[in-house]
Amino acid sequence: MLNNPYSLNKNKKKILLKKNIIESIKFHKKKCAIYSDYLNKFSLLTKPIKSLDDIPFIPVSAFKEFDLLSVDKDKVFKTIVSSGTSSNSPSKIYLDKKNSLDQIKALYSIGSFDLGNKRLPMMIVDNEDTIKDSNHYSARTAGTLGFSIFSSNRTFVLNKQMNINNKSLTNFLKTNKNNKFIIFGFTYLIWIFFNNLLNTKYVNYFHNATIIHGGGWKKLYKLNISNEKFTELIVEKFKIKKTINYYGMVEQTGSIFMECDNGFFHTSDYNDIIIRNKNLNISKHKEEGIVQLISSIPSSYPGNSILTEDLGYIQGEDQCKCGKNGKIFKITGRIEKSIVRGCSDVF
Amino acid sequence: MSFNIPKEANLLLGTRNVKNLINKPLDAKIISFFETLSKEIFKDKITKKYEDLALFGFFIRSANTKKIIKDTDCNLLGRGLAFHVNTSNVPLNFAYSLYYGLIFGNTNILKISRTMFPQTTILINILKKVLKIRSYNFLKRFIFIIQYDNQVEISTLISINSDTRIIWGSDQTIEKFKRIQSTPRVVDLYFPDRISLSIINSEKYMLLKNKNDLLKKFYKDSLYFDQLGCSSPQSILWIGRKSKLASKDFWNKFSSKFYSEYPFDFRKGYDKHNHLFKLSLLIKEKTSFKNYKERFLVFDAKNNFNVIKNLKGINGIFFQTYISNINLIDKFISKKTQTLSCFGFDKKQILNIIQLNSIKGIDRVVDIGSALNMNTNWDGYDLKAFLTRKIEEN
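So the sequence lines, in the order shown, correspond to chains H and P.
Heads up: the first sequence begins at 1 in our numbering, then just goes up one per residue.
Heads up: the second sequence begins at 1 in our numbering, then just goes up one per residue.
If you are wondering where the hints come from, they were derived from the structure by calculation, not from laboratory data.
Bear in mind the structure is a predicted one, so any value in this text is a computation, not a measurement.
Hints may contain errors.
Computed beta-carbon distance windows for the label pairs [as the list claims (entries may be wrong)]:
(1) H:K160 <-> P:K335: 46 to 56 angstroms
(2) P:K45 <-> H:N227: 51 to 61 angstroms
(3) H:I104 <-> P:S288: 53 to 63 angstroms
Reference excerpt, derived from the structure (chain P facing chain H, CB under 8 angstroms, subset only) [unchecked claim]:
(4) E35
(5) T36
(6) K39
(7) F264
(8) D265
(9) F266
(10) G269
(11) Y270
(12) N274
(13) F277
(14) S280
(15) L281
(16) K286
(17) K290
(18) L297
No residue lacks a Cβ here, since even glycine has one placed at the ideal position from N, Cα and C.
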């Protein structure tokens, strides 16, 4: 029986997810001194938590500037050093074995709901080097390694110069002529890849593919390429039936958000989203604001509730025509960079 | 004696070849240049949008410059090549730096931050325009504005050729430049990170009929640069028996008045939250705070001297405490303290307290409202003395 990671509606989530998160936070408060300090100084856990909205949150920058972990250093199985999508100093995420495994389980639960249980051949629109260092990585690496769990085998079709490796591409397409397969890559790279294949013989080889892409539209926005233009290229020219955009953050790997057929990202039983205004109060639905992400997965580091530097809005909850429960939302961009880096010694 | 600015450096103004030329300080032509620059700044409609640009325009008027002329010392010359390393957070820091360097007769190389504010670009364009005027053409050889990625080789090349180096912080930048090779006779001026605060006489405050004026002045001092200037007050010391009352009244009025006026956006909201996270680790004891109108957060430092001495806010995070009388301020001052802006006190009395308590901090005692005003005496240095040299003649 296929498990349904979208089974909890608003009321059930309020009870179950909330319970999970509170337990997690209390654990982190005990074990992580920095996190504890923060909660104490602002008396953040003194009032009763009535809803997920009341869960205290920390800024994503905290992971860049501090070592936030709730386990002893010798229990750390993996340290992800990730620069995400910006060129700031990297976030450090400390995972013990359990957390690492839970991330994979969550990703599998969420992903298989849309992709099915069967492992499929995967074409990765990237170069091999992206996954060479499994400890130091970018959002691209996280995505590639994560989604590889849905693959029976994987082929990288870009060379080191990020151009199409014709040999790899041809081999893959020949082998999988009559098979269903998955194409995975960063949104921007997928766009370039398909543009480059437009007037070639390859146009007819992709109708059995499902594309999973993520990593943001920022670059494409800059080039004036909309969701519509993207879909037009992929669906109309290459006859690809299914494209799924995903959204996530390296600080909460595993509990990602998948886009449904109606074009919205969905929260699952593992996570939730809250939108805040510039005063950091809760925004109404359909109002653009700062994205706060909640996840039940982080257990070795206090990453359950994070204020990101992304902007987005919530369309609704539990009402999506696709039938999945959860909040449906869109990401609209990133908070504009601060022009000022401060007198640098702000303390 | 000349050298070339390496191609790795981006040249915003000036040529690559730099000759170390000197001029007579307070040369009439240079004063006239700044007067013309001032007029051009005010001609430009965009000046209305940037208050600091207008402030600079005002500052460089010949009426102001003539105040600096105290002695007509004919043996005074520019020191030579001044290398200015400007801050990344105050848009027109380079402008004031250039002003002093130029009027005191130096050739100036100004290294500015790669990230440019609109005001910076606007002013550089106006500079270019004015330099095209024939009578000011000659100044093209005295002004070089560059950007580079902190390559040690470039910093060293310029340092070796410099007679004065003016490093405007951060503390890290200063440490870096201290280690960069220069010459035995170079004169270094460091403007490291400083912290500033205000003191308010609570009884006098409560008696004020027009409190709005003081509120406006404090707003100008603190939030114009989002509290990021070294002279921006981070804390208020409330002095006297009406301190608690005055503080409540002040912040209630301040938050009502400036809630909409203070430009706020997602970036400021996020950065403020991030700052609070960092603060929570630096504040040793539980400190109470109040969030006025959810925009202005004020911490009550009580007796935590270290909070007032060391901690800064941004985007509307302030600190305060109450003390019974002004003689007790010394515990809240350190060498890092630069500007003490005040209301309701006799400045001479404050100077007395500084001397009696051997307080090494505080380089400026000004009225609230004047914290950000630039002066020839800055951070305890007489800029004229550092940027000129006097030839001894017997």
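Of the hints given before, which are not true for this structure?
Per hint list: 2, 3, 4, 5, 6, 17 and 18 violated.
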